[in-house]
Each structure stands twice: as structure tokens, then as C-alpha cells.
Amino acid sequence: MRLGYAIPLVIFFALAVALYVGLGLKPRDIPSALIDKPVPTFDLAAVKGRDKGLATADLNTGEVSLVNVFASWCGPCRVEHPLWMDVQAAGNVPLHGINYKDDPDNAANWLERFGDPYTRTGADRNGRVGIDWGVYGVPETFVIDRQGRIRYKHVGVMTRDILDDRILPLVRQLQEQKQ
Amino acid sequence: MTWASALKAIAMAFAVIGFLSLAPGTPSALAQSTIDVPLEDLSEESRAKALFKILRCLVCQNQSIDDSNADLARDLRVLVRQRIAAGDSDDQTVGYIVDRYGDWVLLEPPFKQATLILWLGPLAILILAVGGIALRFRRRTVEAPVAPAPLNADESRRLAELLDDVDTKDGTS
Chain V
1 MRLGYAIPLV IFFALAVALY VGLGLKPRDI PSALIDKPVP TFDLAAVKGR
51 DKGLATADLN TGEVSLVNVF ASWCGPCRVE HPLWMDVQAA GNVPLHGINY
101 KDDPDNAANW LERFGDPYTR TGADRNGRVG IDWGVYGVPE TFVIDRQGRI
151 RYKHVGVMTR DILDDRILPL VRQLQEQKQ
Chain H
1001 MTWASALKAI AMAFAVIGFL SLAPGTPSAL AQSTIDVPLE DLSEESRAKA
1051 LFKILRCLVC QNQSIDDSNA DLARDLRVLV RQRIAAGDSD DQTVGYIVDR
1101 YGDWVLLEPP FKQATLILWL GPLAILILAV GGIALRFRRR TVEAPVAPAP
1151 LNADESRRLA ELLDDVDTKD GTS
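Taken in sequence, the protein lines are chains V and H.
Every letter in the first sequence is one number past the one before it in our numbering, and letter 77, counting from 1, is 77.
Every letter in the second sequence is one number past the one before it in our numbering, and letter 109, counting from 1, is 1109.
Source of the hints: derived by calculation from the structure; they are not laboratory data.
Keep in mind it's a predicted model, so treat the numbers as computed, not measured.
All C-beta atoms in this analysis are idealised placements derived from N, C-alpha and C, irrespective of residue type, glycine included.
Please note that the accuracy of each hint is not assured.
Which stretches of chain H does chain V cover? Using the computed rule of at least three CB atoms under 8 angstroms from a CB of chain V, they are [to be verified]:
#1 1100 to 1107
#2 1150 to 1163
With a straight-line cut-off of 30 angstroms between C-alpha atoms, the simulated DSBU-like cross-links for lysine-lysine are [unchecked claim]:
#3 H:K1112 to V:K26
#4 V:K37 to V:K26
#5 H:K1112 to H:K1053
#6 H:K1053 to V:K37
#7 H:K1112 to H:K1049
#8 V:K26 to H:K1053
#9 H:K1112 to V:K37
Every beta carbon over 12 angstroms from chain H, so not counted as near; a handful from chain V, in silico [stated by the list, open to error]:
#10 V21
#11 S32
#12 W133
#13 I162
#14 L168
#15 E176
This is chain V alone, in the form it adopts within the complex (with noise of 0.2 angstroms):
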């Protein structure tokens, strides 16, 4: 019976330490419904002035790809641009883009002055294709596995901590993988 005093005490505790947990969720970080599921069904015109467009048979051929999706009005785009720039230097594993609801010329001059990291690119201009991979908040950054599904998903702003402790550690267990 005395112990029965206790018992508030214990549940604030319990409580405070759930509610003091739940403090450090972040709200954007929405878990992908698409984890291991293959990609999508599509098929996407290059962006201009370029001639490799991007479908699902791009991410299917057996080798493990980075799918970065990406847009020339992002302000946080261009904060992780040298990064897969870094990564297409590199060469260990190809990167394509899908460049998602973006102006033509836009694109392409973004792509010309900063620098093009992508193998092939996709120009998804109302969205549509972007609503298929469960886009919402552009920049996201897939990683396909060798099967053409997807193992991973980074919604937001790419730094050189997630690609080098997450993205490119993942990359090379899946390409370790036998097919």
C-alpha cells in the first residue's frame, strides 16, 4: 500500500522521458512508404540540352544507382551540389537526376554553370513522377539497389556527414551484394 504513493511519481517520470524523446522527432522526417519497394513506373525526356533521359529501366540494370531529385528554384539544391559533384568525380557509383517541376531553360543553365554530377537526367515537369517516388520536399536523394528498388531515401538538404556515414556506406554493401 505504500508503495501505491509511488506509483504518480513513476508515471510522470515515464512521461517526461517519452515526452522529452518525442522533443527530438523531427516532424519532416516522414518514414518513405516506398522502402524496398521497387521504383516506380516511368519514363522521363531528358532535361534540355541533354540526351539521356531517365526511366525505370535506367535504374534496373543491375547495378546499384543514387536517384537525387532536384530543381533549379531550391535554394538547399545548390548548397549539396558540390557534393555530387564530389560523388560523379569519384566514379563509384552513377547518379542520375530527376529534375522536378522545374522551368526548361532554368534547369539547363543550372546545370551549365555550376556543374552537371548526372549520369542520366529526367525532366518531371508537372510533378507528376515526383508525386509517383513520394516527393514533398525537394531536395530527396534515393538509393537504388542492384534488384531497382529502393533501399533508402534522404528527404532535404544532402551534407557530407549523411553521404559519407550513410549513403555511400549503404552503396557499397548493396554493390557487395551478389545480384
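Use these hints to put chain H onto chain V, whose structure you have.
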């Protein structure tokens, strides 16, 4: 003084505009290529409207796509109207969007194994609390009616003395 504050306000406004243009998920007007127009069939339009209210805008998060002005919300409204016009049922239309964005896109979480605690937790806590209170009160009502034992002769005499004492004190003062 007023000039200075006016200038300050203008500078602030420019700073805010500059910041907003850098924020993620804010496409320029140039990028618009889908137009948000109601369906001609009124019953289809009212079905679409009802679905807008249960679908979350993923950019502004606590608004439905019916309330939101975000670009993505408009695209989703266009998509819902297209699916309905193409003959999809309400469930098929919502399912199409849930397949891409997950349960999170629904403002009301579905009732399933992963959400059992969410839906039944408050009810369980209420039952526990009411049960606990009921138990306590039952114990108390059992204890309360026990009448005190009557005074024996010795005790009655002392009580009378004490009462007399009080009376005389009252009288003298």
C-alpha cells in the same frame, strides 16, 4: 524616428522574402504546369472535395490539401480529381496516394496493428483510472460506517468535568 522604423520594417520584409525564396519546397510560379479547376460533374466534385479534407498536405503537415496553398497540395488535388474522373472509387483514389506517401498522408490514422496503442491507449488509461478510483472509494465506504464504541462510566465522568470546566471559564471571563 518614424523614418528609421519604417526603413527597418522594409529591410526586415526583404530579409524575410530572401529567406523564404531559399526555403525547401517552394517552387517558383514558373514551374506551374497543372491547373486546379473543379470537375464539371457535381457529384464527382463533391466526392473529390470530401477526399481533400482527409488528405494531409505533406509540406505544411497540419493542413489538409483542401486548406493548403502549397504547390504539392495543388498537384495532389489535381491528381485526386483525375483519378475520380477516370472512374476510381474513393478508396482506390486514397489508396493510390497512400501507396506513395504512406499512412502519414491521412489526417486520421487508420486502425491497424501498428496503431493499436494510439487508438486504444487512451481508452485503456481511462478504464484503469476509473477502476482505480472506484476501488479506492469502495474501500473508504466500507471503513467509514464503523461507529465508535460508546463511552464507559469513567470516560463519561471526565467528559462532564471538562464540559463544566469550559462553562465556568466562560462565566468568569
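If any of the earlier hints don't hold here, list their numbers in rising order. 2, 11, 12
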